[in-house]
Structures are given as C-alpha cells and as structure tokens.
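Chemist: Assemble chain Y onto chain C, guided by the hints.
These protein sequences, in sequence, are chains C and Y.
Be aware that the first sequence starts at 1, since it is given in this note's numbering, and climbs by one per residue.
Be aware that the second sequence starts at 1, since it is given in this note's numbering, and climbs by one per residue.
Keep in mind that the hints are not guaranteed to be accurate.
It does not matter which identical chain is meant; a pair holds if it fits inside one copy or across any two.
Said to hold, decoys possible - Pairs of lysine-lysine, DSS-like flavour, derived with a Cα cap of 30 Å:
| hint | residue 1 | residue 2 |
| --- | --- | --- |
| 1 | K140 | K193 |
| 2 | K137 | K193 |
| 3 | K36 | K140 |
| 4 | K36 | K137 |
| 5 | K36 | K169 |
Because the hints were derived from the structure by calculation, they are not lab data.
2 protein chains.
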Amino acid sequence: MTSAPRQDRVTAAVLVIGDEILSGRTQDGNSHYIAKYLARMGIDLCEIRVVPDIAEEIVAAVNAVRARYTYVFTTGGIGPTHDDITADAIARAFGVGIEENAEAIAMLLERIRPDQLNEARRRMARIPLGAELIENKISKAPGFMIGNVIVMAGVPMIMESMLDAIAPKLRSGARVLVETIDAGSIPEGRYAKALAALAESWPQVGMGSYPHFSSQGVRNQIVLRCREAGPLALAKEAVLAMLSGLANDRAPG
Amino acid sequence: MTSAPRQDRVTAAVLVIGDEILSGRTQDGNSHYIAKYLARMGIDLCEIRVVPDIAEEIVAAVNAVRARYTYVFTTGGIGPTHDDITADAIARAFGVGIEENAEAIAMLLERIRPDQLNEARRRMARIPLGAELIENKISKAPGFMIGNVIVMAGVPMIMESMLDAIAPKLRSGARVLVETIDAGSIPEGRYAKALAALAESWPQVGMGSYPHFSSQGVRNQIVLRCREAGPLALAKEAVLAMLSGLANDRAPG
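Just chain C, with the same shape it has in the complex:
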C-alpha cells in the first residue's frame, strides 16, 4: 500500500456479485481488469469482495465498503432475469426508491423493438432514484452510479465499456510508480533481513517480495511502489546494491 496521506488518496473497493463465481463455474476476471484500470488512474484498490446473489448480503457488503472508500465498483446482477437483483439491493442499501427510468427505457429501445419490450426487459430500466445512468455501448441496458457506488454489468465486454464511460467523471490520483527488480534465484530467506531494513529506511516506498515456484525452481521478484520518482529511484538503487552484495547462497528460501 502507498504511504501517501489518506486524505490525498482516492480509494476503491470492487464488489463482485455472483453465485457463478462462488460456485467455481466462472473465473472472475473483472476484478483484475478493474484493478489494473484503477492503478492507471491512480486510484488505490483497497478491497475486493465476492458475494452471492442474496439481497441481504449485497446490501450489507455495499454499505460496509461504500462508507470506507472513495468509490465502490460493483459487477453483475443487472440483467433481465429473476437472479438479477443488484439494482434493487443497491436501492435498499441507499434507502431510496427504485423506478422505471425513462432515459433507460429510451436506451433499451435503441436495441429492442417496442413490441418486444416486455416486463422482464423493462426490469433492466429499473434504476434507484437519484442515480446517474452509465452508457452501455454493447447491449444498451445501462449501468448506473449512485452516491459513490458504480454499478456495472458482469459480462466482461459490457463491464469494460461501462468503465470507459464512467471513468472520465471520477476523481483520479497520482499514479503509483512501480519498479520490479528480478532477484533471480537468490532465495527470499537470503535477502529478507536486508530488505526489511531497506523497507524501514524508505517508509514512503512499498516493498514486496514475490516468489514464483515452477518445476525449474524458485525465482523471486522484489516490487517497489511509490508515488514519487525520487525516493523510488534511490530505493531501487539501494535494493540492487543489497542484492549484488549478497554472497551466493544455494539454500532454498
């Protein structure tokens, strides 16, 4: 995590709504996509939650995270079927009503013939009162933003289009700069103490060590993260010097 003062940070949580993720049927790729997207915007993603298609669970999770972070991004549950309960749950979380939205109906009519706009499809135009619509270029049924909560589809292509539509309207922050240092096969246990000392010397630089195990053995990377280029560059030099100063050590880490 970055060390910038909390009041300067723009923070976020992702809330993935979907039984299909929890049952193992589908692998969620949306939260990784959003994580990378927010990193580019300088928004610190602080938490991801996956919750089932149960209204009480969605309401509790939305209210827990919206109080803590600048933004909450939800994915899933805004289609026309009975298991799509996100819009109603969001309205409940905010304690507001939910009604068919004329602008959303107009969006649906760009893709659906009036005689085919049945009750189920009209459900996709039910929007919590006070929300702002988010355009859906792919299949027209909109997402929405209410308060600091951004409600998007679960289908990746549509979610990505909605994120592009809402992103320009959001606060962004200074982007975290990242340096990845390949520690090769030097075991973590060999450099852990020295790295901890460097992490203490550079409190504004986040330092993490990430092993990758394969049949070829262990490879480690040290990742440095900071919003300021100066300390980051100096910390990188210090880590490189630390690594090159280490005697070769064949013990596993």
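Modeler: Just chain Y, lined up with the frame of chain C:
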C-alpha cells in the same frame, strides 16, 4: 445458493491476502481453484475477500468471516520477508500468542541446511499457539489451521499442495448437482418471466441465467443447482419444455 437448511450446510469463505492482487500486478487464480475444490467437497463457498498486507485489515476480515462460516481459507503472506504478516495477524485475530514451532523448524530443516536457517527463514516457523501444521510438500514451510481458519501459501503450487493435505480432515457436505442448459441465442429477456415462474415452483433448485457476449452475438446458459437428483431432473425437464415452447424471438435480450 442452495436451499438446504443452514445447519446442514458446510460453508466457507476465502480470504486472499495480498497487495499484489489489489495493485493489479497479479491475477488471483487461487480463489477460483479453491471454489472448484470446495464445490467437489460439497462445501458452499459463500464469500471471497481480497485484503491488503495490513495487519488491521487482515485481523478484521478474519474475525468477520470466521464467525460466519464453517471454514475460512486464507492464501498469501506466510513467507520469510517483512511483508509476510499473515501468521502474526491470525494470532492477533484469535488473541493467542505466536512462537517458533519445533515441528515447523524440523520441516524447514528438511530443505534448509542448519547453518542457513537464519532469522528470516525461522520466521516461517512462527505459528500461532494452538494451531495444527499443514504440510508443504513443495518448499516445506508449513501452513496451519487454527480454529476454523486454514492458512495457506499464496504461491499456487504450494497452496494446492496444502489444500490436498488439509482437505481430508475437514467436514464435507453433499455435493451440489449441476445441470447446465444451453439456451443458445434465445434472448434472456424472452425467457426471463417463464424462468422466474419455474424458479418459484422449484424453490429447492437454484436457477441462474448467464449470458455470454462475443462478436458472434449473445449465447445464454441456464444453470440449475440442487443437492437432490430428483427435483433437479424434474426442474431441468421443465426448463427444457419452457425453452422449446418459446417462439423464436430475434430481439436482443
């Protein structure tokens, strides 16, 4: 979600501990692996959370989920570097001490020469008091189980090995049976009302509708989930009959 009575269910949460997931550096695949694994064991995964490498966040999340579910599976943060703080956070969450564990040291010595068992590597043998070790066949540093919380490595190969080691000791449940029905290009909006009626008629069968959008258009799947084969088969027949009874509808869903 299944409709089995709550007291009969074996439930779980996954807690992924790692800045590298939140920053977008790494895509978490562990939670999907665990989701599929638990489904095969008849354990209902009810929640996934990803939290940063911050002790207070880990403690709060562990305590929130361990009170709610039969089991909690954590991944990440049990290596030798300063950013590996999971064991200490778990001890804090349980209000117990943490000490170097002789059995864990013995495990490390299967892979690390005694003269190379430095302070950082010894950290991997610090285990909350009262925990039971979980064998790590890959790199020896063990995971552990304390109360209902199972603490595993973040490196996928090691996590998978630990899951195999602990699984036989866990309660399992009746496996949820799944039927996936291809609705083809029939739009969700065309069958949503009829599907909702069937979902109401078969309360013991979970029914979800999952669209897949591609450049070739929309394809939908209806997924039925139930622990009993009888109702599942009858519900499947009913859904198939419903779909085949639908007139062809070219409007997008």
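Chemist: Each of the hints needs a verdict: does it hold here or not?
Modeler: Hints versus structure:
| no. | hint | result |
| --- | --- | --- |
| 1 | K140 / K193 | between (55 Å within a copy, 20 Å between copies) |
| 2 | K137 / K193 | between (52 Å within a copy, 25 Å between copies) |
| 3 | K36 / K140 | within (25 Å within a copy, 33 Å between copies) |
| 4 | K36 / K137 | within (21 Å within a copy, 33 Å between copies) |
| 5 | K36 / K169 | within (18 Å within a copy, 38 Å between copies) |
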